[in-house]
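Enquirer: Protein chains in written order, with the numbering used here: chain B, 1 to 402; chain Z, 403 to 782.
Check before you lean on any hint, since a few could be wrong.
To be verified - Below, simulated DSS-like cross-link-like pairs (lysine-lysine); rule was C-alpha separation at most 25 Å, straight line:
{"id": "1", "chain 1": "B", "residue 1": "Lys322", "chain 2": "Z", "residue 2": "Lys461"}
{"id": "2", "chain 1": "B", "residue 1": "Lys362", "chain 2": "B", "residue 2": "Lys254"}
{"id": "3", "chain 1": "Z", "residue 1": "Lys633", "chain 2": "B", "residue 2": "Lys393"}
{"id": "4", "chain 1": "Z", "residue 1": "Lys461", "chain 2": "B", "residue 2": "Lys68"}
{"id": "5", "chain 1": "B", "residue 1": "Lys330", "chain 2": "Z", "residue 2": "Lys633"}
{"id": "6", "chain 1": "Z", "residue 1": "Lys461", "chain 2": "B", "residue 2": "Lys390"}
{"id": "7", "chain 1": "Z", "residue 1": "Lys567", "chain 2": "B", "residue 2": "Lys331"}
For the record, the hints were derived by calculation from the structure and aren't laboratory data.
Model, not experiment: these values are computed from the prediction.
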Amino acid sequence: MMKYDHILIRFGEMSTKGKNRKRFVYRLKRNIEKKLRDFKKIEIEQTRDRLYIRLNGESHENIIEQLKHVFGIQSFSLAMRTENDLEKIKETALAAIKELPYEGKTFKVTAKRAYKQFPVGSNELNYEIGSYILRNTENLTVNVHEPDIDVRVEVRQGGTDITCKDIPGAGGLPVGTSGKAMLMLSGGIDSPVAGYLAMKRGLEIEAVHFFSPPFTSERAKQKVIDLVKKLTEYSGKIKLHIVPFTEIQQTIQKQVPDGYSLISTRRMMLRITDALRKKHNGLAIVTGESLGQVASQTLESMATINDVTTTPILRPLVAMDKTEIIEIAKKIDTFDISVRPYEDCCTIFTPSAPKTRPKKEKAAHYESFVDFESLINEAVNKTETLIIDKNYKNIEEFEELF
Amino acid sequence: MIYLDNSATTKPFPEVIDSFVTVATKYFGNPSSLHELGRQAERLLQQSREQIARLLHVKPNEIIFTSGGTEANNMAIKGIALQYKNRGKHIITTAIEHPSVSEPCKQLEELGFDVSYLPVNEKGFITIDDLMKTIRDDTILVSVMHVNNEVGSIQPIKEIGQLLKNYPKIVFHVDNVQGVSKVPLHLYEGRVDLCTMSAHKFHGLRGAGILYIREGIKLSPLLAGGEQEMKVRSGTENVAAIVAMTKALRMSLEMYEEKIHHLMKVKEAWIEQLSAIPDIQLNTPIDHSAPHIINFSLNGLKSEVFVHELAKHNIFVSTTSACSSKKKAPSKTLIAMGAEPKRAESAVRISLSFKNTIEEIPIAIDVMKNAIKKLQEVTR
Numbered sequence: 001m002m003k004y005d006h007i008l009i010r011f012g013e014m015s016t017k018g019k020n021r022k023r024f025v026y027r028l029k030r031n032i033e034k035k036l037r038d039f040k041k042i043e044i045e046q047t048r049d050r051l052y053i054r055l056n057g058e059s060h061e062n063i064i065e066q067l068k069h070v071f072g073i074q075s076f077s078l079a080m081r082t083e084n085d086l087e088k089i090k091e092t093a094l095a096a097i098k099e100l101p102y103e104g105k106t107f108k109v110t111a112k113r114a115y116k117q118f119p120v121g122s123n124e125l126n127y128e129i130g131s132y133i134l135r136n137t138e139n140l141t142v143n144v145h146e147p148d149i150d151v152r153v154e155v156r157q158g159g160t161d162i163t164c165k166d167i168p169g170a171g172g173l174p175v176g177t178s179g180k181a182m183l184m185l186s187g188g189i190d191s192p193v194a195g196y197l198a199m200k201r202g203l204e205i206e207a208v209h210f211f212s213p214p215f216t217s218e219r220a221k222q223k224v225i226d227l228v229k230k231l232t233e234y235s236g237k238i239k240l241h242i243v244p245f246t247e248i249q250q251t252i253q254k255q256v257p258d259g260y261s262l263i264s265t266r267r268m269m270l271r272i273t274d275a276l277r278k279k280h281n282g283l284a285i286v287t288g289e290s291l292g293q294v295a296s297q298t299l300e301s302m303a304t305i306n307d308v309t310t311t312p313i314l315r316p317l318v319a320m321d322k323t324e325i326i327e328i329a330k331k332i333d334t335f336d337i338s339v340r341p342y343e344d345c346c347t348i349f350t351p352s353a354p355k356t357r358p359k360k361e362k363a364a365h366y367e368s369f370v371d372f373e374s375l376i377n378e379a380v381n382k383t384e385t386l387i388i389d390k391n392y393k394n395i396e397e398f399e400e401l402f
Numbered sequence: 403m404i405y406l407d408n409s410a411t412t413k414p415f416p417e418v419i420d421s422f423v424t425v426a427t428k429y430f431g432n433p434s435s436l437h438e439l440g441r442q443a444e445r446l447l448q449q450s451r452e453q454i455a456r457l458l459h460v461k462p463n464e465i466i467f468t469s470g471g472t473e474a475n476n477m478a479i480k481g482i483a484l485q486y487k488n489r490g491k492h493i494i495t496t497a498i499e500h501p502s503v504s505e506p507c508k509q510l511e512e513l514g515f516d517v518s519y520l521p522v523n524e525k526g527f528i529t530i531d532d533l534m535k536t537i538r539d540d541t542i543l544v545s546v547m548h549v550n551n552e553v554g555s556i557q558p559i560k561e562i563g564q565l566l567k568n569y570p571k572i573v574f575h576v577d578n579v580q581g582v583s584k585v586p587l588h589l590y591e592g593r594v595d596l597c598t599m600s601a602h603k604f605h606g607l608r609g610a611g612i613l614y615i616r617e618g619i620k621l622s623p624l625l626a627g628g629e630q631e632m633k634v635r636s637g638t639e640n641v642a643a644i645v646a647m648t649k650a651l652r653m654s655l656e657m658y659e660e661k662i663h664h665l666m667k668v669k670e671a672w673i674e675q676l677s678a679i680p681d682i683q684l685n686t687p688i689d690h691s692a693p694h695i696i697n698f699s700l701n702g703l704k705s706e707v708f709v710h711e712l713a714k715h716n717i718f719v720s721t722t723s724a725c726s727s728k729k730k731a732p733s734k735t736l737i738a739m740g741a742e743p744k745r746a747e748s749a750v751r752i753s754l755s756f757k758n759t760i761e762e763i764p765i766a767i768d769v770m771k772n773a774i775k776k777l778q779e780v781t782r
């Protein structure tokens, strides 16, 4: 019996990218290879406008699940491949539809003849294949306008692909094709979503987390590691920079008046992130800020915080409502981790009445009495960098216990 | 020793006991404690939840740890009844449920709930038709076991789920204590809302069980207190037994992949050999029955004496279910299947694990034949 032996991958948006195209396809192929590393038998083949995964006996269910997390794929389909021979094409199309629960459904055939030397035209192909399927099945009817099953037949130079069902991909651009940015990751609901959306637009991200022991616990650090691990579903590997932040936070508490302490804390975080960005050759900084949620996210606050750098700051969530953000957080499985109730560096030292309309001159003035520059350098130098991938285990994964 | 009582309890895997000992010794902290020991214990709990969710193809926040199957069944049934009592007071279950389902139902009857017990046919199955006819406007819960603990019949869970799709207000609970790692059950595809599992039936330890609660389903907690387990089940978590259960589930499911065909063969061989003994009547249905349970009757001979006779030769089987075997009551399931009292009173259950072998069968059969002969001499 004939089985689905290929997965056909369509790129979508990338197809229009002119000269860059080659680089994009190459990157997508590499990202897919990385994602499917555990499936030893598969082979990935590249043509002008498609990628093909030859299954070689690997079961397609798990591969399909993995592919849904690869950015740059518009859609993909299970495919059967056959020679450019009308009889063979008919038989294969029938086998492809019989692999599905087709009874009681409607179908149509959409043939495309990209290989014009093939003697049968696409209209004739539609007719030939359609009537062959009708003759050899029961309880299946034609509906050319709204079919349940669209049997797509693509005749290409190297052979003919037959697919019956398109599975939507994650969309976006392949991770890494848009350059690198630093993601400020607090552990809350927003920042992982911002990271996800940044990666969707092709950015490679490195995460930066501020750690203030003993005010924030190991649990908070673990939470961030777990969040990054979820994000690696979309990118393979992510570097996580853990910045020791206790001293700076305590200095701010001592030096800066209550109403400005939050703003100054944010400014320091941004300066450190920017320094890390320079060190690791990133081009931008991604944050989970959105407008008007809390004191530090008024437009005035944003301007005052942003004043410390000219590096582009990308805020993918700026126009989103909290409910929309939560919806994505649930979809990418970070929500349950984000709501674990541990203190993080943003929730301790919260001033009772932060200024909602801070002025950048004032913030700079309050900060001028301390040599923050050297504190920042020290924090950057003492930053611990973890490389997280889906198999990342810290010492405490207790593997032998499970 | 030939152990044929795996539906009563299974022998824990040695690796599982190792995990238990390590956790109980080294990571004894309370997961709710703020300090390092507490954090480690919490981490263990979290990893257990994640691994179990992965193994069952559900989400981690849908897994609630309980003390075992009885608690999980009570929690499901009473929890739903109390939560939705204003919506309706009608519950549907079957005539062949384990006491940890039927007794809570009886308690609820005393509190004014109305419980319908679906009958089973002579092979031990309920019918979708009966269920459909029993559903009322005020039905809030349907509770059906997956694999019957006495005869091994597999109830049509997926079909029930399909039917209940049309009744969004009815919660669907499945007692899967006997099915885990023996008969696959896909919780999402089966549209199951609540599902009970128990560690010691799959080579884990007593003291740990699982109630799967589908996201979005609310139930009133049975145990109120420190709000552990997402506020649904208070009480300091039994981390050691939970970690041990997690490992046991992984190992059992791996064993299923490797050895299910072996187990089916062993069961077939048992049935073949048992059927050849003239005084034995087979009660387990041939189709749609679990690969590890075989129930037969001794033509009116006293099954209790038979069990003791076999035990003398280090062969361990059960009369009916372990829970009711001490009460000397006839098999509830067999009565429901319409067996005469004589047949229901002389029932014996063999329940297998993946570790049982074909080689054991002739040895055990010989002993059984002798035991029957001996019993016949005494009785006649």
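Enquirer: Each hint should be assessed against the structure and marked as holding or not.
Expert: Here is how each hint holds up against the structure:
no.: 1; hint: B/Lys322 to Z/Lys461; in the structure: holds, 23 Å
no.: 2; hint: B/Lys362 to B/Lys254; in the structure: holds, 16 Å
no.: 3; hint: Z/Lys633 to B/Lys393; in the structure: violated, 29 Å
no.: 4; hint: Z/Lys461 to B/Lys68; in the structure: holds, 18 Å
no.: 5; hint: B/Lys330 to Z/Lys633; in the structure: holds, 20 Å
no.: 6; hint: Z/Lys461 to B/Lys390; in the structure: holds, 17 Å
no.: 7; hint: Z/Lys567 to B/Lys331; in the structure: holds, 24 Å
Hint check: a violation occurs at hint 3 only; the rest are consistent with the structure.
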